[in-house]
Amino acid sequence: SAVISQKPSRDICQRGTSLTIQCQVDSQVTMMFWYRQQPGQSLTLIATANQGSEATYESGFVIDKFPISRPNLTFSTLTVSNMSPEDSSIYLCSVSSGLITDTQYFGPGTRLTVL
Amino acid sequence: DQQVKQNSPSLSVQEGRISILNCDYTNSMFDYFLWYKKYPAEGPTFLISISSIKDKNEDGRFTVFLNKSAKHLSLHIVPSQPGDSAVYFCAARAGAGSYQLTFGKGTKLSVIP
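Chains as they are written, first to last, in my numbering: chain V, 1 to 115; chain W, 1 to 113.
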C-alpha cells in the first residue's frame, strides 16, 4: 500500500479565512480522493481529484468552497474557503490505483477547528 | 438517508473472545464491501473486503460474512486482542466504474484485557 502524508495534521482557524491542506503520496497513483468526517458522522466523499483536469465534486460540494488541485500523480491540495464553524471536521485524502476492485488507502487526516 | 448503517455505536468484548461487528445496507447496487479500522489521530486503515459474489472472506483472525438477501454483513474477530480496540467502519461501493465509497458511522470496539 502507498504511504500517504497530509499537512497540516491539525489547525485552528478563524471564520472567514481559508486553509489549504496538502496530500503527498510516496508513489504515483491513478485516483486521489478527498473526504470529510464531521463530528459523530461517517466519512463523506467531497470530490475526486483528477490529474490535469478539474476535480469531480459530489452532490452538496462545490468548487468555490472546496477548490482542489492535482498537479501530478503524487500530490493534491484541498482548500477550505471562507470557513465557518460548520467546516470543523477531519479532512482525509485517499488514494487508489484505479482498478475497479482496488482498495482505497487513507492519509492520517487533518483535524480542522474553525472558531 | 443513510445507505450504510452500523447500528451499534460501541461494543465491549473480553480479550480472547469473539467480536462481531454488524453492518446493514439499503442500496442493492452495492457490490463490493470493505472494513476499515481507525485509531485516534490516524486515518482509516484497510482491514478486509468482500465482493458480492462471495459470502465469506477470511484473513487471519478477521472474517467478513455477507448475506446479500438480508443486505447485511458482519466482521468477526477471533480471538479479540486489546490492540483491536479501535473504531471500525463498514464501507460499500456501487458497481463497476464507481470509486465512491459510502461509509457507515462506525462502531467503537473496546477489547478488555
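By construction, these hints were calculated from the structure, which means they are not laboratory data.
C-beta atoms are modelled at their ideal positions from N, C-alpha and C, and glycine is treated no differently.
Treat the hints with care, as some may be off.
When the alpha-carbon atoms are kept at most 20 angstroms apart in a straight line, the in silico DMTMM-like pairs for lysine to aspartate or glutamate are as follows [said to hold, decoys possible]:
#1 W:Lys-105 <-> V:Glu-54
#2 W:Lys-71 <-> W:Glu-42
#3 W:Lys-68 <-> W:Asp-24
#4 W:Lys-105 <-> W:Asp-55
#5 W:Lys-54 <-> W:Asp-84
#6 W:Lys-71 <-> W:Asp-84
#7 V:Lys-7 <-> W:Asp-24
#8 W:Lys-105 <-> V:Glu-86
#9 V:Lys-65 <-> V:Glu-86
#10 W:Lys-68 <-> W:Asp-55
#11 W:Lys-71 <-> W:Asp-24
#12 W:Lys-105 <-> V:Asp-11
Just some of the chain W residues that point at chain V, by a computed CB distance under 8 angstroms [to be verified]:
#13 Phe-65
#14 Gly-83
#15 Val-87
#16 Phe-89
#17 Leu-101
#18 Phe-103
#19 Gly-104
#20 Lys-105
#21 Ser-110
Failing hints, ascending?
Hints 1, 2, 4, 5, 6, 7, 12, 13, 14, 15, 21 contradicted; others consistent.
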